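Going down the list, the sequences are from chains A and B. Following my numbering, the numbering of the first sequence begins with 1 at its first residue and continues without gaps. Following my numbering, the numbering of the second sequence begins with 1 at its first residue and continues without gaps.
Worth flagging that the hints you see were computed from the coordinates, not collected in a lab. Quick caveat, the model's predicted, so the values are computed rather than measured. Ideal placement from N, C-alpha and C gives every residue a C-beta, glycine not left out. It cannot be assumed that every hint is accurate.
Computed Cβ-Cβ distance ranges for the label pairs, DEER-style [stated by the list, open to error]:
1. R137/B with G406/A: 40 to 46 Å
2. S123/B with L10/A: 47 to 53 Å
3. A103/B with T66/A: 36 to 42 Å
4. D436/A with R137/B: 51 to 57 Å
5. F44/A with L76/B: 39 to 45 Å
6. T265/A with G113/B: 53 to 59 Å
7. Y14/A with T108/B: 36 to 42 Å
8. D92/B with D436/A: 49 to 55 Å
9. E298/A with P107/B: 20 to 26 Å
10. Q84/B with T265/A: 56 to 62 Å
11. T471/A with A103/B: 26 to 32 Å
12. S10/B with T265/A: 54 to 60 Å
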Amino acid sequence: MVESLSGIPLDSFYGDELRPGEYPYTRGLYSTGYRSKLWTMRMFAGFGTATDTNGRFHALLRAGGTGLSTAFDMPTLMGRDSDHEWAIGEVGRAGVAVDTLADMEDLFAGIELDKVTTSMTINGPAAICMAMYIAVAEKSGVGRGDLGGTIQNDILKEYQAQKEYIFPPRPSVRLVTDLIRFTAAEMPRWHPVSISGYHIREAGSTAAQELAFTLANGFAYVEAAVAAGLDVDDFAPRLSFFFNAHSDFFEEIGKYRAARRIWATWMKNRYGATNPKSLMCRFHTQTAGVSLTAQQPENNIARVAIQALSAVLGGTQSLHTDSYDEALALPTEKAARIALRTQQIVAHETGAASVVDPLGGAPFVEWMTDEMERRAGEIFDHIDQLGHGSMLEGVYAGIEDGYFVGEIADAAYRFEREVNAGRRIIVGVNEFTEGDDEEANLLSIGHDTEELQLKRLAKVRNDRDGDAVNTALAALSTAAEQPDVNLMPPIIDAVRTYATEGEIVAALETVFGTYIETAVV
Amino acid sequence: MSDPCCEAESPIRVVLAKLGLDGHDRGLKVVARTLRDAGMEVIYLGLRQSTDSIVAACEQEDADVIGLSMHNAGHLTLVPRMVQAVDQAGLDVPVVIGGIVPAHDVPTLIEFGAAAVIGPGASAEEVVSAVEAAVARPTAAR
Numbered sequence: 001m002v003e004s005l006s007g008i009p010l011d012s013f014y015g016d017e018l019r020p021g022e023y024p025y026t027r028g029l030y031s032t033g034y035r036s037k038l039w040t041m042r043m044f045a046g047f048g049t050a051t052d053t054n055g056r057f058h059a060l061l062r063a064g065g066t067g068l069s070t071a072f073d074m075p076t077l078m079g080r081d082s083d084h085e086w087a088i089g090e091v092g093r094a095g096v097a098v099d100t101l102a103d104m105e106d107l108f109a110g111i112e113l114d115k116v117t118t119s120m121t122i123n124g125p126a127a128i129c130m131a132m133y134i135a136v137a138e139k140s141g142v143g144r145g146d147l148g149g150t151i152q153n154d155i156l157k158e159y160q161a162q163k164e165y166i167f168p169p170r171p172s173v174r175l176v177t178d179l180i181r182f183t184a185a186e187m188p189r190w191h192p193v194s195i196s197g198y199h200i201r202e203a204g205s206t207a208a209q210e211l212a213f214t215l216a217n218g219f220a221y222v223e224a225a226v227a228a229g230l231d232v233d234d235f236a237p238r239l240s241f242f243f244n245a246h247s248d249f250f251e252e253i254g255k256y257r258a259a260r261r262i263w264a265t266w267m268k269n270r271y272g273a274t275n276p277k278s279l280m281c282r283f284h285t286q287t288a289g290v291s292l293t294a295q296q297p298e299n300n301i302a303r304v305a306i307q308a309l310s311a312v313l314g315g316t317q318s319l320h321t322d323s324y325d326e327a328l329a330l331p332t333e334k335a336a337r338i339a340l341r342t343q344q345i346v347a348h349e350t351g352a353a354s355v356v357d358p359l360g361g362a363p364f365v366e367w368m369t370d371e372m373e374r375r376a377g378e379i380f381d382h383i384d385q386l387g388h389g390s391m392l393e394g395v396y397a398g399i400e401d402g403y404f405v406g407e408i409a410d411a412a413y414r415f416e417r418e419v420n421a422g423r424r425i426i427v428g429v430n431e432f433t434e435g436d437d438e439e440a441n442l443l444s445i446g447h448d449t450e451e452l453q454l455k456r457l458a459k460v461r462n463d464r465d466g467d468a469v470n471t472a473l474a475a476l477s478t479a480a481e482q483p484d485v486n487l488m489p490p491i492i493d494a495v496r497t498y499a500t501e502g503e504i505v506a507a508l509e510t511v512f513g514t515y516i517e518t519a520v521v
Numbered sequence: 001m002s003d004p005c006c007e008a009e010s011p012i013r014v015v016l017a018k019l020g021l022d023g024h025d026r027g028l029k030v031v032a033r034t035l036r037d038a039g040m041e042v043i044y045l046g047l048r049q050s051t052d053s054i055v056a057a058c059e060q061e062d063a064d065v066i067g068l069s070m071h072n073a074g075h076l077t078l079v080p081r082m083v084q085a086v087d088q089a090g091l092d093v094p095v096v097i098g099g100i101v102p103a104h105d106v107p108t109l110i111e112f113g114a115a116a117v118i119g120p121g122a123s124a125e126e127v128v129s130a131v132e133a134a135v136a137r138p139t140a141a142r
C-alpha cells in the first residue's frame, strides 16, 4: 500500500479514459510506473587515464551501483589518437582517453562485465569502442551475448547539433545499422543506439524541434535497418531515446508525453511493428546544461531540481542531474553528490513517484501534449517532403541543405535576443544580479594525464605485432568497400591486434572520406 | 553602406573560429549574428580550425580582429599558440576570447596576449564593445 506523506492511501494511477501502460502510451509505458521500478539514477563519469576512471568505477560499484556510464575525452570521441596534433590539451580532460584495446582492458579491469550494465557515450567511433568492449569481455571469459548496456551510436544528431562526426552521413549510418544488425543477432541484452535530442536542445532548438528532429532521426534508423534486411520487430524493442529536461516545466512534460504517443503511432501505422515493445518510447533524460548559469552558480541547484521533477512527472526511465558548477568546469565531487541527492529527494520525499502520470487529464497538460504533437507533425511533414516519402532520405537532405543547423541557430539567436532585450529573465544574469561576487571552487585537471597517456600509447605501438595490425587494417578497408559486409567482425579483428582507434578510423576514411561541415551562420 | 573615403569608418572585419576538436558552436554562431547585426563584416570559419588556417584567413580577408570560442578547458594551451601564430605571421590582429573560461584564468590569458575575454552571460552590447575596444575604433553602421 502506497500512502501520501499524511497517510492517505493512493492508487497507482487515476482516471479511467486513457490508462498508463496502454497504447499509445501517452500516460506512460507501465501501469505501475515507478512503484515497480524507480528510474535509474545513472550518473555520467570519466576523466584522465583508463586507470583513473577504473578506480572511480570500482568505488561506484562498492557503493551499490550496478550501472556504469562512460564519458570519453574529445580526441577519443572524434576518432583521433592521443598523439594526434589536434589532441594537444584535450587528452583525458573532458573524459577518459581510450586509444587501444589496452586502455579498454584497464578501464574495465576487475569488473565482471556480465554482472553490470555499461553505457558508453560515443558516436562517430561507436563501432570501434563496441568492438573493444566485446574483445575485453571475451578475453576475461564473458561472451558477447551476456553483455548488457547501451552505446549512444546516434550519428545523425552529430551533423545537426553536437558536431562530433568523422565520416559523411551515409557511410556513418551504415556503421550504425551494422551495429544494430550485429547486436540483434548476437547481443540480445545490448541497446545499439540511443537516439538523442539532448544535444539538439543544447545547441539551441525549441522543445518541439528537439522532439521532432529526434523522432525523425529514430524513424530514419528504422528505415535504414529495414533496408538492411531486418524485420522491424527484430530490433525496435532495443531502441531507446535521450531527451533534455529544460526549464519550462509544463512544456517539457508535454514533450515527453507527446514523444511516447508519436513513437507508438508511427511505429504501428507507418512501420507495421506488432510487438508492443517496438512501440514503446523508452528514454533517458538529462537536465539542461545550457540552462546553468556561471553567475551565482548555487542557483543552479534549484534549476536542476525543477527540471528533474519534470522528467519524473513525464515518466523518464533514467535520469542524470547536472552539477551546479558545470557552467564553469567539470563538476567537483561535492557538486556531483548534490546532483545525485537532488534525484533522491525527488524519488523519496516528494511523492512524485507514487502515482503514474499524476498530471494526466489536466486541461493545460493535455493541451500542451497535443500542441507538441501538432508542431512536431508539421516538422515531420517537411522532412518527409524533403525525402520524397522517406524519413531517412529527408534527414539526409536536411543535413545536406543546412535545414537542421539553420533552424537550430535561428532558435538560439531568437532566445539570446529575447534575453538581451529583457523580454526573458534569467535570474542572476539579466535580473536580480546582486550577490555574484563569490569565486566558486572548481575542478581542474593537470597536464600529467596527457604525458602518461602518450607514454602508454607509445609502449603499445612498440610492443604489438605490426604485421598483424597492417593485415587487419587492410582487411577492414576491403570490407568497407563492400556495402553488404557487416563491418563489426573486421573491426573486432582489428582491435584485437591493438590497432589504435585513429588507425581504424583512418582505414575506414580511405573508403568513406571525411565529413567537413559547410560553415553557415 | 560604409563611406569609401574614410578608412576609419569602414566596417570592422572579424574572423570567428573554433580551434581544434571542440564542437560547441552555439555561442560562436550567436556572436556572429550579433556582430553582423552591429554592422561588422563577419568571416565565419566555423569548426575544426588550426592556428594556420585562422592566420591564412586573416591574411586573405584583411581581418581586423580574431574571435575564438573556447568550451573544452583547452584555453590555457591554445590561446598562447594562437597569439604566437599571429605574431609569427607579422600580423597586427588582436585575439578576443569568448566561451567558458573560469574567472581566475582570465588574467593569465591577458598575460598570454589575448586582447579581451568575454564570459558567459555577456550582453550583445558588451560583446560588440569588447571587439570595438580590441581594434580601438567603432565599427561603421551599415
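(message) Within 36 to 42 Å: is that where the Cβ-Cβ distance between A103/B and T66/A falls?
(response) Holds, since A103/B and T66/A (Cβ atoms, about 39 Å apart) stay within the stated range.
(request) Please test the hint of 40 to 46 Å on the beta carbon pair from R137/B and G406/A. (result) Violated, since R137/B and G406/A (Cβ atoms, about 32 Å apart) do not stay within the stated range.
(request) Note whether the CB distance of T471/A and A103/B lies within 26 to 32 Å or breaks it. (result) Since T471/A and A103/B have Cβ atoms about 53 Å apart, the given range 26 to 32 Å is violated.
(request) With respect to the beta-carbon atoms only, verify the hint that T265/A and G113/B lie 53 to 59 Å apart. (result) This hint holds: roughly 58 Å between Cβ atoms.
(message) Can you tell me whether the CB distance of S10/B to T265/A sits inside 54 to 60 Å?
(response) holds (57 Å)
(message) Assuming the hint says 51 to 57 Å, is it satisfied by the Cβ distance from D436/A to R137/B or not?
(response) Hint violated: Cβ distance 31 Å, outside 51 to 57 Å.
(request) Take the C-beta atom of S123/B and the C-beta atom of L10/A, compute their distance, and say whether it sits inside 47 to 53 Å. (result) Since the Cβ atoms of S123/B and L10/A sit about 48 Å apart, the hinted range of 47 to 53 Å holds.
(message) I want to verify a distance hint. Is the separation of the beta carbons of E298/A and P107/B within 20 to 26 Å?
(response) holds (24 Å)
(message) Quick check: does the Cβ-Cβ distance between Y14/A and T108/B fall within 36 to 42 Å?
(response) violated (58 Å)
(request) Please test the hint of 49 to 55 Å on the beta carbon pair from D92/B and D436/A. (result) violated (35 Å)
(message) 56 to 62 Å was suggested as the range; check whether the CB atoms of Q84/B and T265/A agree with it.
(response) holds (58 Å)
(request) Just tell me: holds or violated, for the beta carbon distance of F44/A and L76/B against 39 to 45 Å? (result) For L76/B against F44/A, whose Cβ atoms are near 24 Å apart, the range 39 to 45 Å is violated.
Checked against the numbered hints above, the structure violates hints 1, 4, 5, 7, 8 and 11; every other hint is satisfied.
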